[in-house]
Amino acid sequence: MENPIVIGIDAGGTMTDTILVDQNGHFKIGKAATTPKNEADGFISSAADAADAWGISLDSLFSGLDVVLYSGTGMLNTLLSRTGRKLGLITTRGMEDMVLMGRGLQAWADYSYADRLHAVTHAHPDPLVPRRRTHGVTERVDHFGDIVLPLYEHEVTAAAHALIRDKVDAICIMTIFSHVNPVHEKRIAEICREEVAAAGVEINVYTSHEVRPVIREQSRLNSVLIEAYATSRGRMQLRSIEEATHKYGFKYGVQTLLSFGGLTSINHPRLHETMISGPIGGILGAAYVGKLIGNDSLICSDMGGTSFDMGVISRGQTRIENEPLMDRFKLNVPTLHLDTIGAGAGMILKVDPLTRKVSLGPESAGADPGPICFAKGGTEPTIADCDAILGRLNPYYFLGGKVVLEVEKARAAFKEKCADVLGVGVEEAAEGMIDMLEQDANNALRRVISGQGIHPSEFTLLSYGGSGPLHLAGCSRGIGFKDIITFQFAAAFSAFGCTTADYMRRHSVSTQIDIGARASDDRLAAAGAQVTRVWQDLEKAAVDEMLTDGHAREKIRTVPFFMARYTGQLEDVEVIAPLSSINGPDDMRAVLAQFEEVYAKANHRVSKYGEAGFSLMELGVIATAEKIKPVLVRRPLGTADPQSAHKGVREAYIGGRWHSANLYEMDLLEPGHEVIGPAIIEHPATTLVVHPNDRVFIDEWTLLHYNHA
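If you use the UniProt record's numbering, the sequence shown closes out at 709, no skipped numbers anywhere.
Among the clues, some could well be false.
Derived EDC-like pairs: lysine to aspartate or glutamate, alpha-carbon spacing no greater than 16 Å straight-line [what the hints assert, rightly or not]:
#  : residue 1 : residue 2
1  : LYS555    : GLU571
2  : LYS251    : ASP435
3  : LYS601    : GLU406
4  : LYS417    : ASP483
5  : LYS601    : GLU363
6  : LYS186    : GLU153
7  : LYS350    : GLU416
8  : LYS627    : ASP126
9  : LYS402    : GLU2
10 : LYS350    : GLU363
11 : LYS629    : ASP126
12 : LYS629    : GLU2
13 : LYS601    : ASP572
14 : LYS482    : GLU363
15 : LYS627    : GLU210
16 : LYS291    : ASP699
17 : LYS608    : GLU597
18 : LYS627    : GLU554
19 : LYS376    : GLU406
20 : LYS627    : ASP502
21 : LYS291    : GLU700
22 : LYS291    : GLU458
23 : LYS86     : ASP169
24 : LYS540    : GLU554
25 : LYS86     : GLU243
26 : LYS555    : ASP544
27 : LYS608    : GLU626
28 : LYS86     : ASP126
29 : LYS647    : ASP667
30 : LYS608    : GLU665
31 : LYS186    : GLU210
32 : LYS409    : GLU380
33 : LYS647    : GLU665
34 : LYS357    : ASP435
35 : LYS627    : ASP549
36 : LYS555    : ASP483
37 : LYS291    : ASP22
Keep in mind the hints are simulated off the structure, nothing from the lab. Keep in mind that this is a model prediction, so the values were computed, not measured.
Let the sequences and hints guide you as you build the complete structure.
Set out below in structure tokens:
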């Protein structure tokens, strides 16, 4: 094989996964524990593991790379742990309490059903900027963009002086309707920068119209606050990663993954758009695999140590969420929609000694100290400890043998803290805990499917993440999927998905263009001209950013899109425009017909309601430039006998009793092989447990298909 030219990294809460890709699309994966204090350490350890699998040194690896992609949760963790920067806010007078008031939807987010019923437990999210560092200034722009009240500049000067005295790290600016006309925001920023320069201090200034110029003030405010609060530490982590790559000979800049599925430089001006980059890679990888297997209805399920993330591609449509919730903040950041529950192999298990009630999490042992069997200081039993106790994990092959699991230590702690309290045997208790986790994941998958209006028999389930194959059988049982697939590179599937992405920029702006059901040709033509003007402005902005990042103009492709609804509805549908410009009424009719087609796919054809008219709520442009991607190699099917991958027998506890389970090396399984349970298929980075009488078939792409008995 030739040397790799692309490296993709996915830093999760517990493990950091790496995938290396050469120009022919061949790949290898690596894995190491995540290092939250300095992500560069975990990044280099994981890259070294992958380089070792390839058979080259780190210097040889990085000096030959064209692309380094890094996705992780570092910035989100800054927000969760409230360890960001000290902020000040300048807003329209009368709106000073906006941060404290928030939105009802975000204030109750993440609360259990019981806590929603009993409001005595309710508390608002901690504000990112306190009321005393929030200053209102007199000004008003109306929803048409007309100036109703001029800006009182002396108030801005006073507010800037107060914030400089407070020694803030950043000043955020958000005024009403600045997404329509940002003239006042621009002037406030100008004054603030002048005062900051005069005071001789270093304070960054952020404006909401630059961060996210779309409707809904509260979400726009949250977006600018989080950009200022959380991304500076994230930038520092990303720069330390870039410095580490340069130390080993990498010549270019590090890229990261946008929440709507594309690559961008770590110097991206709106870095909060990359805050949940890791799980998004899985959806991109799933879309890539869906094309290979010929199914455009997919459920993506990613189980790691901390969470169980689910994404849906329904008849080729991936849902974009324009206002996702992030740590109980509603943001204006377009994001590929994910449903998440707390369920992973690192979940801490607790048994109440009085009621004998079993609790799974929500806390996770993470990478440090990790489960008890890791012997890194963990003292609380986890699901991973149960897997080790029941013989499902190979104690001498975890991370390829780099970590030897201390099963007896885990068994003793689990017996004392869980099994004895419940008054049952260790094996019965451990399998019961695993069953609870798998049932939670199974129920979550059923909920996600039921919201699609499509029968499960149309969906293929893709299971990945370090713990996905380990718990696949229980998570998927009884739902009735068309097919269930996992991968030899399941542990690094999200990193694999990152490498299938292209470089991307997405620019959009809120609009309010209403078109009646029986609009005249003149009205249709006028609306089309208005849309085209906005698209042209956005295209220039997106292309200019990509040129700044060093992409050649001839390699940049642009696609316009719009968000629309039937007039009077509350939710928008995102539609890729069938035309790059609208020249006349017939073109406008073609654009509206495309909306109706997408609406019918996402909902149902009988739900179309053209009589209400159409409202275009947002216009945007996506600019992309291609890069090398991994290629799955298609090989002919051979014999069904997997003897060449067989490597022994181990006792494993499955379904209430011990079995002699056949052991197979996952990387040695060939197309055509069929494995019948009870069996355990091992890989240095993951383990697939095959329950008694279930079957696993290896197809011509070397994908593993799981069939329930």
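For each hint, the structure was consulted:
1. LYS555 x GLU571: violated, 35 Å
2. LYS251 x ASP435: Violated, at about 49 Å.
3. LYS601 x GLU406: Given pair LYS601, GLU406 is violated - Cα atoms ~52 Å apart, limit 16 Å.
4. LYS417 x ASP483: This hinted pair is violated, its Cα atoms lying about 39 Å apart.
5. LYS601 x GLU363: violated, 39 Å
6. LYS186 x GLU153: holds, 12 Å
7. LYS350 x GLU416: With Cα atoms ~11 Å apart, LYS350 and GLU416 stay inside 16 Å; holds.
8. LYS627 x ASP126: Violated. LYS627 to ASP126 sits at ~41 Å, over the 16 Å cutoff.
9. LYS402 x GLU2: violated, 26 Å
10. LYS350 x GLU363: Holds, at about 10 Å.
11. LYS629 x ASP126: It is violated: about 42 Å lies between the C-alpha atoms, which goes past 16 Å.
12. LYS629 x GLU2: Given pair LYS629, GLU2 holds - Cα atoms ~15 Å apart, limit 16 Å.
13. LYS601 x ASP572: holds, 14 Å
14. LYS482 x GLU363: Violated: LYS482 and GLU363 sit about 34 Å apart, past 16 Å.
15. LYS627 x GLU210: violated, 28 Å
16. LYS291 x ASP699: holds, 15 Å
17. LYS608 x GLU597: holds, 9 Å
18. LYS627 x GLU554: holds, 14 Å
19. LYS376 x GLU406: holds, 10 Å
20. LYS627 x ASP502: holds, 6 Å
21. LYS291 x GLU700: Holds - the C-alpha atoms of GLU700 and LYS291 are around 14 Å apart, at most 16 Å.
22. LYS291 x GLU458: With Cα atoms ~15 Å apart, LYS291 and GLU458 stay inside 16 Å; holds.
23. LYS86 x ASP169: holds, 5 Å
24. LYS540 x GLU554: holds, 14 Å
25. LYS86 x GLU243: Judged against 16 Å, a Cα distance of about 26 Å means the pair is violated.
26. LYS555 x ASP544: holds, 13 Å
27. LYS608 x GLU626: violated, 36 Å
28. LYS86 x ASP126: holds, 13 Å
29. LYS647 x ASP667: holds, 12 Å
30. LYS608 x GLU665: violated, 52 Å
31. LYS186 x GLU210: holds, 10 Å
32. LYS409 x GLU380: holds, 11 Å
33. LYS647 x GLU665: holds, 7 Å
34. LYS357 x ASP435: Satisfied, since the Cα-Cα distance of roughly 15 Å is no more than 16 Å.
35. LYS627 x ASP549: Given that 16 Å is the threshold and the Cα spacing comes to 14 Å, the pair holds.
36. LYS555 x ASP483: violated, 38 Å
37. LYS291 x ASP22: violated, 21 Å
Of the numbered hints given earlier, the model fails hints 1, 2, 3, 4, 5, 8, 9, 11, 14, 15, 25, 27, 30, 36, 37; all others are met.
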